[in-house]
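A.B. asks: Sequence:
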Amino acid sequence: MTRVRLTRDGIAFAVALVLLLLVALGSGNNMLYLLVSAGLAVALVELVVGGWNLRSLTLRRKLPEELFAAKTGNGEFIILNRRRFLPAVALHIHELDDGDAVATVDRVASSDASSSRTKWRFENRGLAQLGRVSLSSSFPFGLLLHYREVTLNADLFIYPKPLFGSEAGSAGEAGRCHMSPRQVGGLGDFAGLRAYLPTDPLRAIHWPTSARADMPIVVLRTDEVGEEVMVRVELCSDEEWELELRRACGEILRAFDQGSRVGLEMPDVVHPCHRGMHWRRHLLDVLAQALRRGERW
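Using our numbering, the first residue of the sequence shown is number 135, and each one after it goes up by one.
Hints are supplied without guarantee of correctness; some may be wrong.
Capping the alpha-carbon separation at 27 Å, the derived lysine-lysine pairs in DSSO-like fashion look like this [said to hold, decoys possible]:
#1 Lys253 with Lys295
#2 Lys253 with Lys196
#3 Lys253 with Lys205
#4 Lys295 with Lys196
#5 Lys205 with Lys295
Pair ranges (Cβ atoms, derived) [what the hints assert, rightly or not]:
#6 Val157 with Lys196: 15 to 25 Å
#7 Asp231 with Leu181: 50 to 60 Å
#8 Pro198 with Pro332: 28 to 38 Å
#9 Leu155 with Leu220: 28 to 38 Å
#10 Leu155 with Gln263: 41 to 51 Å
#11 Glu373 with Arg328: 30 to 40 Å
#12 Thr343 with Ser244: 14 to 24 Å
#13 Met349 with Lys253: 17 to 27 Å
#14 Asn208 with Glu373: 29 to 39 Å
#15 Leu178 with Leu261: 42 to 52 Å
#16 Gly160 with Pro274: 31 to 41 Å
#17 Glu373 with Arg216: 25 to 35 Å
#18 Thr343 with Pro401: 48 to 58 Å
Note that these hints are calculated values from the structure, not bench results. Cβ coordinates follow ideal geometry from the N, Cα and C atoms, glycine included.
Build the full structure now, drawing on both the sequences and the hints.
C.D. replies: Below, the structure written as structure tokens:
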């Protein structure tokens, strides 16, 4: 359901119109009555055209694949105009419940879709629940704000803000357990691509892909032994628990970026070493759902 409220310009316009009407009633000047009539006509056009502008619009989100606490994640809003005639213009989108995402779409042609990039940001790790989104417009004259709430329910995990390198302190390496050396450029079946590391042989570089990516890319094969990294999360004091999770998150991301098989040892359960984006997300989900300060296993 579309709702309407006056903008600041609309309030000033309404006050001026009322004052003009009072002067016209006191003086009986027909020119003033004509001005009042013109003002009322403008308000009527604003009400009708502005309401039509938000009709038959469908809104959806395209969320970032991974979101980390206290860091912005890039995504977009997509608007579909299901009207056969007339575009939708000057649209503003705003997350109402969480995420602080805002976007503006200048124009969506009839029977077409348009997208606008935006950023989501969440301050704390854990489960985030998105719901209401405001779709609004002050078209055509900026006197009235037409808006409606769209419910787009979505549950997503916010991962701990990762700590890398010197940020992680001396404990940054404590959870890493190297099981075997990494090898690339084998003769087995193709198993994927990753960024080149200084220790990789030049023969492992896939030159066509490297040229397209504008950076060295190496080929992974199924006969590679591969490095295994077990990231340990120690059960520590409440004050250092979140820092421990952030260190573990940074280690997991670094190990996956290096093409390693990665596992995670939590105080209550051990997740074995595996590769792949699905397993990476699983381990990050575990960190996102870890008990908070003051809670116990």
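A.B. asks: Look at each hint and say if it fits the structure.
C.D. replies: Results for each hint:
Between the alpha carbons of Lys253 and Lys295 the distance comes to roughly 16 Å, so the proposed pair stays at or under 27 Å and holds. About 11 Å separates the Cα atoms of Lys253 and Lys196, which keeps this hinted pair within 27 Å; it holds. Note on Lys253 and Lys205: the hinted pairing holds, with a Cα-Cα distance of about 10 Å set against a maximum of 27 Å. At most 27 Å may separate the alpha-carbon atoms for a hinted pair to count; Lys295 and Lys196 meet this at roughly 22 Å.
Straight-line distance between C-alpha atoms of Lys205 and Lys295 comes to about 7 Å, which keeps the hinted pair within the 27 Å bound. Roughly 53 Å separates the CB atoms of Val157 and Lys196, a value that falls outside the hinted 15 to 25 Å. Separated by about 29 Å at the C-beta atoms, Asp231 and Leu181 break the suggested range of 50 to 60 Å. Take Pro198 and Pro332: their Cβ atoms lie about 30 Å apart, and the range 28 to 38 Å holds.
A hinted range of 28 to 38 Å holds for the C-beta pair Leu155 and Leu220, which are about 33 Å apart. As the Cβ distance of Leu155 to Gln263 is approximately 49 Å, the hint placing it in 41 to 51 Å holds. Evaluation of the 30 to 40 Å hint for Glu373 and Arg328 yields a pass: the beta carbon distance comes to about 37 Å. Taking the beta carbon of each, Thr343 and Ser244 are about 41 Å apart, not inside 14 to 24 Å as hinted.
The hinted window of 17 to 27 Å between Met349 and Lys253 holds, with their beta carbons roughly 25 Å apart. Checking the proposed 29 to 39 Å range against Asn208 and Glu373 shows it holds: the Cβ atoms sit about 33 Å from each other. A beta carbon spacing of about 47 Å between Leu178 and Leu261 agrees with the range 42 to 52 Å that was offered as a hint. Checking the proposed 31 to 41 Å range against Gly160 and Pro274 shows it holds: the Cβ atoms sit about 32 Å from each other.
Distance hint check: the CB atoms of Glu373 and Arg216 are about 54 Å apart, inconsistent with the given range 25 to 35 Å. For the pair Thr343 and Pro401, the beta carbons lie near 41 Å from each other, so the given range of 48 to 58 Å is not met.
When held up to the earlier numbered hints, the structure conflicts with 6, 7, 12, 17 and 18 and fits the remainder.
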